[in-house]
Amino acid sequence: MKNIEFKSDSAQRIYNDYLHRVKSATSILSTPDQTDLLLEINSHIYEALQSIPMANEVESLLTITEKLGRPEEFLVPMVATRKIVEAQRTFNPRHVLQALRLNISNGIFYAIMSVGYLFLSVFVLLIVTKIFAPQRTGLFMVDGKYKAFGFVSNPDQMTEVLGYWFIPLTLGAALIFYVAVTLLFRLKKTKK
Amino acid sequence: MGSEFVTKWQSQVKKGTLSFIILSILKGNEYYGYELIEEIKQNLQIQLAEGTLYPLMNRLKDEELVTSKWVEQESGIPRKYYTLTTHGETVLNEMKVYWVEMNKSIKKIL
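In order, the protein sequence lines correspond to chains A and B.
Under the working numbering, the letters of the first sequence match residues 266 to 457, in that order.
Under the working numbering, the letters of the second sequence match residues 31 to 140, in that order.
Read the hints as simulated data drawn from the structure, not as lab findings.
Each hint should be verified, as a subset may be incorrect.
[Stated by the list, open to error] Simulated crosslink set (DMTMM-like; lysine to aspartate or glutamate; CA at most 25 Å straight-line):
| no. | chain 1 | residue 1 | chain 2 | residue 2 |
| --- | --- | --- | --- | --- |
| 1 | B | Lys99 | A | Asp301 |
| 2 | B | Lys44 | A | Asp298 |
| 3 | B | Lys99 | A | Glu312 |
| 4 | B | Lys110 | A | Glu331 |
| 5 | B | Lys38 | A | Asp408 |
| 6 | B | Lys110 | A | Asp298 |
| 7 | A | Lys267 | B | Glu104 |
| 8 | A | Lys288 | B | Glu119 |
| 9 | B | Lys134 | B | Glu119 |
| 10 | A | Lys412 | B | Glu119 |
[Claimed, not checked] A few chain B residues facing chain A, derived, Cβ under 8 Å:
| no. | residue |
| --- | --- |
| 11 | Lys44 |
| 12 | Gly46 |
| 13 | Gly58 |
| 14 | Asn59 |
| 15 | Glu60 |
| 16 | Tyr84 |
| 17 | Arg89 |
| 18 | Glu104 |
| 19 | Ser105 |
| 20 | Ile107 |
| 21 | Tyr111 |
| 22 | Thr115 |
Note that the Cβ used here is the ideal one computed from N, Cα and C, for glycine as well.
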């Protein structure tokens, strides 16, 4: 990307700092999306500079950036939307989680998705704890009655009934949640 | 107190009609972001928070109502031009019909 060059050092520093803030605000996105947003903001600043008298570069630049707003604020909805598109395209769990974090307040759909992913994470965590603390993780019964599923801090007087079958069963449950959440995401994509 | 209410209402009206305004301006023309902002300001005397335009354009693009392309410039700083899609034109026509009907209904009670 070609940067705008200013005669005034102060204007150049303000400009560089503003672009740096744009880069930081979009750093969660893929490189093409980051570049696209940066190019658009740069283009806006350049075109605005051409349309107003450049008597004072600092004043002009400050006016333009003030009208645009704080990158950390006005870019939020764009970053959130683009992250969703990225997550829908890749189905990479990291992108999906980031997209959900950014969109959790944007409706019930994302709230349900977040709960689904929370369950998924818990199941994965339980598989790990079953390996490192097998006596405390599993399906626990007391006197033939169901008592707990998962991790217990004090398994005394409880009988763990699944043994290492707990791992494939939990893995299966995690898989079901993963498929359900992914299908929901796909549904959202095709609903558009 | 009353004028504060009106100011808020005006802001809501502007916000609610901005996508309609943008699609209408884009009909038959292509504009880059800054040019579009200037067009809105000049024709409608609307003071637009400029940063709000880009998220909205992004949303319109996601909804496949507009499309965009980068066009290189002699300055070395390219412009991103927005154009209305066929789907965008259909949606715009539906919005126009609703707008005209709404306008008629409001005029009746004014």
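- Item | Pairwise hint evaluation, Asp301 (chain A) against Lys99 (chain B), where the allowed Cα distance is 25 Å at most | Cα-Cα ~11 Å, so holds.
- Task: Against chain A, run the beta carbon of Tyr111 (chain B) and see if the smallest gap drops under 8 Å.
- Result: The hint is violated - Tyr111 (chain B) has no Cβ within 8 Å of chain A, the shortest such distance being about 10 Å.
- Message: Does Glu331 (chain A) sit within 25 Å of Lys110 (chain B), going by the straight-line distance between their CA atoms?
- Response: Between Lys110 (chain B) and Glu331 (chain A) the Cα gap is close to 21 Å, so the pair holds against 25 Å.
- Regarding the hint that Asn59 (chain B) lies at the interface with chain A, is the smallest CB-CB distance below 8 Å? violated, 16 Å
- Message: Is the interface hint satisfied for Gly46 (chain B)? The criterion is a beta-carbon contact with chain A at less than 8 Å.
- Response: violated, 16 Å
- Query: Taken at face value, is the distance from the CA of Glu104 (chain B) to the CA of Lys267 (chain A) at most 25 Å?
  - Reply: This hinted pair holds, its Cα atoms lying about 12 Å apart.
- With chain A as the partner, please determine if Glu60 (chain B) meets the hint condition of a C-beta pair closer than 8 Å. violated, 14 Å
- Item | Satisfaction of hint between Glu312 (chain A) and Lys99 (chain B), Cα-Cα up to 25 Å | holds, 17 Å
- Item | 25 Å limit on alpha-carbon distance, applied to hinted pair Lys44 (chain B) and Asp298 (chain A) | violated, 29 Å
- Message: Holds or violated: Lys134 (chain B) and Glu119 (chain B), Cα atoms, limit 25 Å.
- Response: holds, 23 Å
- Task: Would you check the hint for Lys412 (chain A) and Glu119 (chain B), treating anything up to 25 Å between C-alpha atoms as holding?
- Result: violated, 61 Å
- Query: Are Ile107 (chain B) and chain A close enough, Cβ to Cβ, to be under 8 Å, as the hint says?
  - Reply: Nearest chain A Cβ about 5 Å off; hint holds.
The structure fails hints 2, 5, 8, 10, 11, 12, 13, 14, 15, 18, 21 and 22 (numbered hints given earlier, in ascending order).
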